[in-house]
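Undergrad: The lines below spell out each chain.
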Amino acid sequence: MNKYISFLLLISIFISCKSTDNTPLPIIGKKKMVDGKEVDHFIPDFSYTDQNGKTVTNKQLDDYVYVADFFYTFCPTICPTVMKQMLTIYDEFESNPKVKLVSFTLDPKRDTPEHLKQYAENLGVDHDKWLFLSGEKDATYDLAEEHFVVAYDDPDSPDGFNHSGKILLVDQNRHVRAFAEGTDPDDIPDFLDDIRKLLKEIETKAK
Amino acid sequence: MKLKLSSILLLFLVLSCNDHQYVQGEALYQAYCSSCHMADGTGLKNVYPSIIYSATLKSGNFNLPCAIRYGHQKREVQIGAAMEGYPKLSDVEISNITNFIYYDFLEQKPMSFTKIKKDLTACSAGK
Numbered sequence: 001m002n003k004y005i006s007f008l009l010l011i012s013i014f015i016s017c018k019s020t021d022n023t024p025l026p027i028i029g030k031k032k033m034v035d036g037k038e039v040d041h042f043i044p045d046f047s048y049t050d051q052n053g054k055t056v057t058n059k060q061l062d063d064y065v066y067v068a069d070f071f072y073t074f075c076p077t078i079c080p081t082v083m084k085q086m087l088t089i090y091d092e093f094e095s096n097p098k099v100k101l102v103s104f105t106l107d108p109k110r111d112t113p114e115h116l117k118q119y120a121e122n123l124g125v126d127h128d129k130w131l132f133l134s135g136e137k138d139a140t141y142d143l144a145e146e147h148f149v150v151a152y153d154d155p156d157s158p159d160g161f162n163h164s165g166k167i168l169l170v171d172q173n174r175h176v177r178a179f180a181e182g183t184d185p186d187d188i189p190d191f192l193d194d195i196r197k198l199l200k201e202i203e204t205k206a207k
Numbered sequence: 208m209k210l211k212l213s214s215i216l217l218l219f220l221v222l223s224c225n226d227h228q229y230v231q232g233e234a235l236y237q238a239y240c241s242s243c244h245m246a247d248g249t250g251l252k253n254v255y256p257s258i259i260y261s262a263t264l265k266s267g268n269f270n271l272p273c274a275i276r277y278g279h280q281k282r283e284v285q286i287g288a289a290m291e292g293y294p295k296l297s298d299v300e301i302s303n304i305t306n307f308i309y310y311d312f313l314e315q316k317p318m319s320f321t322k323i324k325k326d327l328t329a330c331s332a333g334k
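Same order as they appear, the protein sequences are chains A and B. When we follow my numbering, the leftmost residue of the first sequence carries the number 1, and every step to the right adds one. When we follow my numbering, the leftmost residue of the second sequence carries the number 208, and every step to the right adds one.
Derived from the structure by calculation, the hints contain no laboratory data. Honestly, I wouldn't trust all of these hints.
Stated by the list, open to error - Residues from chain A that face chain B, not an exhaustive set, calculated with beta carbons under 8 Å: (1) THR73; (2) PHE74; (3) CYS75; (4) PRO76; (5) THR88; (6) LYS117; (7) TYR119; (8) LEU123; (9) ALA139; (10) ASN173; (11) ILE188.
Note that beta-carbon positions come from the ideal geometry of N, C-alpha and C, so glycine has one too.
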């Protein structure tokens, strides 16, 4: 009897280990109602201008997995640290054509496409791989919320607005699949694993 | 045996004290400088220069105490947030940050307080 139990335990351990390994990344966020039907959370339509002056909508990103953050170049507080983590992610997936990085500015007045281009050049990154997008500020606040990032006008903050430093992973179906706290470098190794996992999932589905 | 143990302990103490000579300087660096130059001093590419690899600092011709007090801008175009300076920090606090940087990041000899005071008068004249 005892033997049976331990045997069963052993099997269940095996099964549980295996299943955690193969569990797909979750789809993060509350379900939405579209035409009276409940669907998984997804990033709504957007249209921005990148550092090359080109228009970028979701369509251009449909074939990619992208890593997104919200920032502004003159931000003296958390943004440089978040950018440093984004740079680590960039370095890791630089040669993978399926991955793009997308940074949305919360300060389009000062972060014009020309300024963002200069910023990208100073970061030393490829203009087609890492998009720096500027658009209407209020729309970007709303879009940030869809990415579970808090951004708001804040009179107590030196630049008049504030935000949280999350880094997000979005799949080709516009679902947010993982996130990391961009202010915490310890969060990044797991996040890199999540990106690999998502890429594998897509590869398996394509077969 | 006892003697050995205590001498090893003593050695440890000395070593660990040496490692953290500029405790206040380190705390101030983390509070005032790390957001742009990063906790480990590596900076962010050409947006926020690295401190540990800074040729400017290593050259010895850079007035770091003044840069801390009044800020530092050499570039014509502002790329990221400007380094604005911290006029509220005392001479001693600035001295501790300066020496934390020279000693821990650049592995150079710390600067004497007299020299730091002298550096600071160089920029106080015009302000």
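Undergrad: None of the hints should be skipped; say for each whether it holds.
TA: Hint-by-hint comparison with the structure:
| no. | hint | result |
| --- | --- | --- |
| 1 | THR73 | 5 Å, holds |
| 2 | PHE74 | 5 Å, holds |
| 3 | CYS75 | 6 Å, holds |
| 4 | PRO76 | 4 Å, holds |
| 5 | THR88 | 11 Å, violated |
| 6 | LYS117 | 11 Å, violated |
| 7 | TYR119 | 6 Å, holds |
| 8 | LEU123 | 5 Å, holds |
| 9 | ALA139 | 24 Å, violated |
| 10 | ASN173 | 32 Å, violated |
| 11 | ILE188 | 14 Å, violated |
Hint compliance for this structure: hints 5, 6, 9, 10, 11 are not met, and every other hint is.
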